[in-house]
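Trainee: Here is how the chains run, residue by residue.
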Amino acid sequence: MGLDVYLNVVVAVVLTGLVYGLMALGLSVIFGVVRVVNFAHGEMMSIAMYIAVVLFAALRLDPLVMLVPIAAAMFVFGYALQARLINPFITRPESSQFLLLVAVAIIIVNTLLIIFGPDAQTIQTSYAYDSFQLGPLIVDATKLYAGAAAILVTCVLFAFFRFSPIGKAIRACADNYTGALVVGLDVNRLYALTFGIGAACVGAAGVMMTLIVDVTPLIGPTYTLLAFVIVITGGLGSMPGALLGGLLIGLTEALAGLLFVPSAKSMFAFAILVLVLLFRPQGILGKSAS
Amino acid sequence: MTRTRMLPNRRHLLAGAAATAAAVAAPAIVRAQSGPLKVGVILPRSGFEAGIGQDCQRGVDVTPAILKSLGLPELTIMNGDTESNVDTAREHAEKLISDGAQILMGAFDSGQTTAVAQVAEQKGIPLVINIGSAPEITEQGYKFVVRNFPTVPMLLNDELAEQKDVFDIAGVAPKTAVFMHVNDLFGTGMSKGIHGLMPKYNLPYTILDEIAYDPAARDLSVEVTKAKATNAEILLVVGRLNDAMLLTRELVKQRWTPQAIFSMGPGWYENQYAKTLGKLSDGPISLVPWYDPNKKLAKALLAEFAKVFPDLNMNTNHVYTFEGLLIIADAYKRAGSTDPKALAEALHATNIVDNVSIGPGIKFDAKGQNVGLKCGAVQNRDGKQVTVAPKEAANAKLEWPMKSYQDRA
Chain A
0 MGLDVYLNVV VAVVLTGLVY GLMALGLSVI FGVVRVVNFA HGEMMSIAMY IAVVLFAALR
60 LDPLVMLVPI AAAMFVFGYA LQARLINPFI TRPESSQFLL LVAVAIIIVN TLLIIFGPDA
120 QTIQTSYAYD SFQLGPLIVD ATKLYAGAAA ILVTCVLFAF FRFSPIGKAI RACADNYTGA
180 LVVGLDVNRL YALTFGIGAA CVGAAGVMMT LIVDVTPLIG PTYTLLAFVI VITGGLGSMP
240 GALLGGLLIG LTEALAGLLF VPSAKSMFAF AILVLVLLFR PQGILGKSAS
Chain B
0 MTRTRMLPNR RHLLAGAAAT AAAVAAPAIV RAQSGPLKVG VILPRSGFEA GIGQDCQRGV
60 DVTPAILKSL GLPELTIMNG DTESNVDTAR EHAEKLISDG AQILMGAFDS GQTTAVAQVA
120 EQKGIPLVIN IGSAPEITEQ GYKFVVRNFP TVPMLLNDEL AEQKDVFDIA GVAPKTAVFM
180 HVNDLFGTGM SKGIHGLMPK YNLPYTILDE IAYDPAARDL SVEVTKAKAT NAEILLVVGR
240 LNDAMLLTRE LVKQRWTPQA IFSMGPGWYE NQYAKTLGKL SDGPISLVPW YDPNKKLAKA
300 LLAEFAKVFP DLNMNTNHVY TFEGLLIIAD AYKRAGSTDP KALAEALHAT NIVDNVSIGP
360 GIKFDAKGQN VGLKCGAVQN RDGKQVTVAP KEAANAKLEW PMKSYQDRA
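Order-wise, the sequence lines are chains A and B. Residue numbering for the first sequence follows numbering that gives the first Met the number 0, starting at 0 and increasing by one per position. Residue numbering for the second sequence follows numbering that gives the first Met the number 0, starting at 0 and increasing by one per position.
Fair warning: there could be bad hints in the mix.
Computed beta-carbon distance windows for the label pairs [to be verified]:
#1 Phe162/A x Asp208/B: 43 to 53 Å
#2 Thr110/A x Ser97/B: 25 to 35 Å
#3 Ser125/A x Ala172/B: 31 to 41 Å
#4 Asn78/B x Leu258/A: 20 to 30 Å
#5 Gly1/A x Lys199/B: 32 to 42 Å
#6 Val67/A x Ala172/B: 36 to 46 Å
With a Cα cut of at most 25 Å, we get these calculated SDA-like pairs of lysine to any residue [said to hold, decoys possible]:
#7 Lys278/B x Thr124/A
#8 Lys37/B x Asp60/B
#9 Lys278/B x Lys294/B
#10 Lys191/B x Leu258/A
#11 Lys402/B x Ala57/A
#12 Lys227/B x Ala127/A
#13 Lys383/B x Ala127/A
#14 Lys274/B x Ser125/A
#15 Lys278/B x Ala57/A
#16 Lys274/B x Asp129/A
#17 Lys278/B x Ala127/A
#18 Lys274/B x Leu277/A
#19 Lys227/B x Ile113/A
#20 Lys274/B x Val108/A
#21 Lys122/B x Gln139/B
#22 Lys227/B x Val8/A
#23 Lys278/B x Met0/A
#24 Lys390/B x Asp281/B
#25 Lys227/B x Phe115/A
#26 Lys332/B x Leu71/B
#27 Lys402/B x Thr121/A
#28 Lys274/B x Leu63/A
#29 Lys278/B x Lys167/A
#30 Lys191/B x Ile113/A
#31 Lys274/B x Leu258/A
#32 Lys274/B x Leu112/A
#33 Lys278/B x Asp61/A
#34 Lys37/B x Ala341/B
#35 Lys274/B x Ile113/A
#36 Lys306/B x Ala127/A
#37 Lys274/B x Ser265/A
#38 Lys274/B x Leu217/A
#39 Lys227/B x Met0/A
#40 Lys274/B x Val52/A
Derived from the structure by calculation, the hints contain no laboratory data. These numbers come from a predicted model, not from an experiment. The beta-carbon is built from N, C-alpha and C at its ideal position, and this holds for glycine as well.
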């Protein structure tokens with residue numbers, strides 16, 4: 000195989016990896032602040048995907064145009080979920096939190112199955128099959144747009160946490176829970192805001208993913224698992240780690256598929272995960288508990 | 000005071016004897032009644048195979064009108080769901096029987112069908128397999144199980160033979176192929192079989208690369224990049240609906256149109272594929288068990304299907320599910336009874352010449368297998384399927400090579 004084959008694969012994977020990274024970023028943000036592992040993360044993404052599918056089918060609204068409104072709707076959903084349902088579980092054992100979020104995930108999957116049925120739904124934009132050719136390099140247009148949008152959303156998120164007063168308060172809350180209470184921060188509200196931001200992230204990623212993959216109700220658990228692999232590899236709670244994890248897992252899978260057997264791609268991704276857990280349990284960019 | 004004792008007289012004795020005889024004979028009388036036969040239709044209606052199970056159900060939905068027009072008895076359908084799971088298939092088969100099902104039909108997936116067949120044989124309730132190709136099912140010596148669907152060896156032999164037919168019709172002899180298949184029991188089994196049988200059919204091409212991929216893959220860009228790099232003339236695929244759509248999208252995006260795409264499995268002829276991809280769905284050739292569009296009953300079924308489901312194309316799932324119920328109604332009529340043994344005997348004696356699928360008709364061998372079934376080469380054209388081979392079942396000319404994806408509006 001020529002160099003152009005590798006180049007094509009790497010470019011495609013980097014673009015998809017950025018979207019995966021944004022999805023995992025939501026999970027990382029929620030865990031980093033609220034300390035709750037969102038086992039319904041992929042399922043929340045599938046809600047955003049279905050909203051995009053419905054809006055496209057009914058009003059022909061392009062997913063990229065609907066990115067901000069759907070992310071905003073997912074923010075409200077995440078905020079309400081944390082404030083009304085998850086908040087009472089914050090001080091309970093982790094097993095209770097786990098069961099609660101698994102239950103939420105199952106409810107989401109089955110509700111989507113009841114409403115939309117098991118068939119795959121798709122969004123056929125005018126550029127769905129476009130690609131750009133630059134010499135031997137062929138770049139998938141949808142992946143390029145999705146990757147660019149993922150970079151933009153990530154930059155906005157980084158800026159929010161670094162420069163805005165609420166972002167700073169959320170970071171303070173994540174750094175020192177007791178200290179945040181002492182200085183008078185409304186921790187419950189900040190937790191709900193954080194969960195909302197995490198949901199908005201995964202919602203934005205979901206909208207972009209509709210350009211790349213078909214949507215089925217059963218897609219959620221697959222992405223929940225993928226998000227976990229990415230954040231554990233990159234470092235649970237680390238925002239740059241989530242992006243790095245997305246790119247690393249994507250590249251590992253692609254190159255394994257190209258050089259070895261495509262059906263064993265996931266095996267290589269999990270091998271990376273095992274290596275990280277063995278030699279750097281906090282993840283590549285995660286902070287050590289000590 | 001005298002005590003009078005009522006002694007039974009001759010009339011009382013006769014009346015009592017008649018009542019007793021009627022009570023004893025009641026089950027036999029009920030069994031011989033000509034009311035609707037209760038058919039437990041067990042399919043994967045939920046879980047990962049739900050789409051296919053629900054598609055099979057469409058074959059059930061169009062059956063009553065056709066059976067009535069043929070003068071066959073009415074059937075009462077009892078729905079069972081395998082939930083795409085072998086253990087659940089077994090449990091639901093048992094439940095259907097305990098709820099009064101007098102015969103079973105199902106179950107699309109070979110593993111689930113095997114479980115249902117075991118239950119049917121244990122309980123002595125007949126089973127008609129609509130779809131399910133694992134050869135072992137009809138190799139067990141079951142007395143209550145018949146199958147109207149090709150086994151894997153039958154499928155493989157026929158699919159390779161049909162490829163040769165297509166090459167002959169097109170007047171071509173491609174030299175190279177790349178083979179992509181799902182990495183599950185179905186895909187790997189087909190792969191082994193194809194490699195084993197290729198020398199027998201003296202096919203003109205060499206397989207340059209074999210690419211196995213995850214059946215739950217979300218993205219097949221790497222796989223298609225690898226296949227394209229071989230620069231093969233034709234693409235052979237064994238997969239399902241989801242990967243058929245993923246592969247086609249990648250072929251378009253990566254600007255590669257082989258001379259032909261041969262699919263040896265489901266996916267490429269399914270309604271969802273055509274609906275999702277529109278003009279991009281045209282061209283691929285599926286080598287599958289199919290209906291003979293020239294048969295009288297096939298025309299009647301097509302008309303009924305178009306009436307009930309105007310937006311869908313009739314396919315394998317509908318045809319073989321319909322034929323399963325046709326076999327049951329025909330056997331019930333001849334048996335004249337709901338007695339399981341009588342039904343099983345009638346099933347084994349089936350001889351339906353006027354059927355829907357390609358081949359001489361429906362007749363079972365001693366093992367309960369219809370060995371006369373034939374595959375067809377079916378090409379997607381204008382969002383529909385046309386049969387291009389075998390010649391006796393063809394209703395359209397082959398389009399070769401397939402039109403470039405880049406030239407489609």
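Trainee: When the structure is checked against the list of hints, which entries are broken? Sort them ascending.
Mentor: 4, 6, 9, 11, 18, 19, 23, 25, 29, 30, 31, 36 and 37
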